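S.K.: Chain order of the listed sequences is A and B. So the first sequence is numbered by my numbering: it starts at 5 and just counts up by one. So the second sequence is numbered by my numbering: it starts at 85 and just counts up by one.
Simulated from the structure, these hints should not be mistaken for lab results. Remember, it's a predicted structure, so these values are computed and weren't measured experimentally. The C-beta atom is built at its ideal place from N, Cα and C for all residues, glycine as well. Not one of these hints is a red herring.
With the Cβ distance kept under 10 angstroms, some of the chain B side facing chain A (calculated, not the full set):
hint, residue
1, L95
2, D96
3, R302
4, R303
5, A306
6, L308
7, R365
8, T368
9, A369
10, A376
11, G381
12, N383
13, G439
14, R493
15, H496
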Amino acid sequence: MSDIADEPAPMREPVLSLRGISKHFGAVSALTDIDLDVHAGEVVALVGDNGAGKSTLVKILAGAHQPSSGTIAFQGRQVTLPDPSAALRLGIATVFQDLALCENLDVVANIFLGRELSPVRLDEVSMEIRAWTLLNELSARIPSVREPVASLSGGQRQTVAIARSLLLEPQVILLDEPTAALGVAQTAEVLNLIERVRDRGLGVVMISHNMEDVRAVADRIVVLRLGRNNGIFTPDASNQELVSAITGASDNSVSRRAGRRSAVAGRNPEAHP
Amino acid sequence: MTAGDKQAPLLDRRDERVKHESGIGGTIRAFFDRVRAGDLGSLPVVVGLAIIWTVFQTLNPIFLSPNNLVNLLFDCSTVGVIALGIVCILMVGEIDLSVGSVSGFASALVGVLWVNNGWPVVPAILAAIAVGGAIGFLYAVLFNRFGMPSFVSTLAGLLAVLGLQLYILGSTGSINLPYGSPVVNFGQMLVMPDFVSYGLAALAGIVTFAAGYRTARRREAAGLSSRSLGGLLFQAVVITAVLEAVVFYLNQDRGVPWMFGLFVGLVVAMNYALKRTKWGRSMTAVGGNREAARRAGINVRFIYTSAFMLCSMLAAAGGVLAAARLASASQQAGTGDVNLNAIAAAVIGGTSLFGGRGSAYSALLGIIVIQSIASGLTLLDLSSSLRYMITGGVLAIAVIVDSLARRSRVSHGRA
Ligand SMILES: Nc1ncnc2c1ncn2[C@@H]1O[C@H](COP(=O)(O)OP(=O)(O)O)[C@@H](O)[C@H]1O
Ligand SMILES: [Mg+2]
Chain A
5 MSDIADEPAP
15 MREPVLSLRG
25 ISKHFGAVSA
35 LTDIDLDVHA
45 GEVVALVGDN
55 GAGKSTLVKI
65 LAGAHQPSSG
75 TIAFQGRQVT
85 LPDPSAALRL
95 GIATVFQDLA
105 LCENLDVVAN
115 IFLGRELSPV
125 RLDEVSMEIR
135 AWTLLNELSA
145 RIPSVREPVA
155 SLSGGQRQTV
165 AIARSLLLEP
175 QVILLDEPTA
185 ALGVAQTAEV
195 LNLIERVRDR
205 GLGVVMISHN
215 MEDVRAVADR
225 IVVLRLGRNN
235 GIFTPDASNQ
245 ELVSAITGAS
255 DNSVSRRAGR
265 RSAVAGRNPE
275 AHP
Chain B
85 MTAGDKQAPL
95 LDRRDERVKH
105 ESGIGGTIRA
115 FFDRVRAGDL
125 GSLPVVVGLA
135 IIWTVFQTLN
145 PIFLSPNNLV
155 NLLFDCSTVG
165 VIALGIVCIL
175 MVGEIDLSVG
185 SVSGFASALV
195 GVLWVNNGWP
205 VVPAILAAIA
215 VGGAIGFLYA
225 VLFNRFGMPS
235 FVSTLAGLLA
245 VLGLQLYILG
255 STGSINLPYG
265 SPVVNFGQML
275 VMPDFVSYGL
285 AALAGIVTFA
295 AGYRTARRRE
305 AAGLSSRSLG
315 GLLFQAVVIT
325 AVLEAVVFYL
335 NQDRGVPWMF
345 GLFVGLVVAM
355 NYALKRTKWG
365 RSMTAVGGNR
375 EAARRAGINV
385 RFIYTSAFML
395 CSMLAAAGGV
405 LAAARLASAS
415 QQAGTGDVNL
425 NAIAAAVIGG
435 TSLFGGRGSA
445 YSALLGIIVI
455 QSIASGLTLL
465 DLSSSLRYMI
475 TGGVLAIAVI
485 VDSLARRSRV
495 SHGRA
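Could you build all of it, start to finish, from the sequences and the hints given here?
M.R.: What follows is the structure in structure tokens.
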């Protein structure tokens, strides 16, 4: 575990490598010429404003969307991801922003969907135990795993979706705004978890709008703007740099606001992401 | 319910916000809570059946006689098998409007191959079911490849397959199946010997208990809450007692038809497939949220294909049974109200038109309701015009119940 984590990540071959990925939805170019590398044992934060194309990129990696052009390499081999099962087979697990749970099924069924134990005679007991174990690892507060997912709160559903992605023992895990619906304790729990899976040698791609969370766990911060790469930063980059990369201007409402505050309070603007 | 109070709380009982109902009172309260939240299960159909039986029994005391009930079971089995196929296709949120035509075509095919062309009867029946599967496969291709809505493709199929049926029957329009042949005997008179029917009724209770006991022991060993031995025994005894009573009553007349046994066997098998296999889980998932199922790596097209094919094959099988029941394959087979009855049975029994929610047992319950109405009205000497109107009305009520329950589930967060 430690010898993987100690090595500086960019020295090794990336586990996932995108080159020149573009995606058009009719006239809309959601992504143009995107490059992205994810190494084993590395957390890459993907940031950008709403509509920057983050979710689209994640869906392409999950096999849910097909890129219009560009190449994807997984562990050095060029691959195509024609459908989600192809991505899952390679070991790319995804927590989608729109969660993608079946509301009519219970928590256990959702966690194991597509990967049920003993297909012709479902092993409900083992599946329930494994589900509770995963949920407890996440410190989840789920009243019953035998209720339909429709009866859970947004945060609880988020936890179910994350538990689902961990079940696979993936190589790479993609998290699209995993903490957006979570409470304080659970957000911390998810960030801890991200560090744990990173230390196990997995590659993690996390999308978040919360710069504090991003800085806390990311090894690299990749900025998308209007569907294009707009810089790669380290977590110690200043807030101003990040914000201007995200919004595309150094003089903008966010930095002006931050500037005013620091002038008034004499505080470091980075404390106010 | 369990003896977990002294030790650490059970794995699934750690959230102190959840009240876990225990005892009989608690079970009843939990049941009413579920119903209020729109989780109706088979409650409406049981209530409806009680009303229907009371009304018809008061109007005509023959209605609940063993003789009439045995006839009822014979009649249930044919359309019931078709309704079982409808349950399949409704599970994935699609519909097949052509099951009547497919059943009629299958009965015609058996007539032509067996009686006119001298095939042995078993290959003729298998061929008819295989042709049903091919029709379902065609619907699946239209749906998967061209995105053709199933109600359109199967509506087209309704007419096209009816055309095929008329075509292969030719100018005579009707083929009589030989009386005394095993197939016709099966459809008209073969009943289980008493010891078989009593034995099967007992077996149902024993299997329920054995399966429940095994699960309870495994759950207990794993530190999960489990059902008590007493509760399991009570359930098994009630099931056995009710079934034995029904069998006893039917045995006062001819007894339980083998054809009905076949139907119930198919229902039990389908229930197992839908509830206890990966395939069934995938069917439910696709009906609940197709995109989520796809992203979970489920082969959605295969699931749709299996649903369309099973539906058509069961429709064909139902058609063969209907031919056996009537000892003929005619131009009328599968026309009229067969289509609607099959769909109505599934929906009345509690399978949702909106997909992802239902059970194989709804075909059984629903067809008993439908056939009770038909039989009651026949006993009252009322024409089919009235029967159509009443069946249509009952279907409308069932759909209203389904829609209201769905709305209630959405507002109670249980969609
Ligand atoms: N299925 C779709 N059809 C058409 N346009 C889409 C679709 N999905 C995303 N888009 C467009 O692509 C752009 C990027 O969206 P998205 O990836 O969801 O952004 P975000 O970075 O906020 O996650 C948006 O302009 C959005 O409207
Ligand atoms: Mg997004």
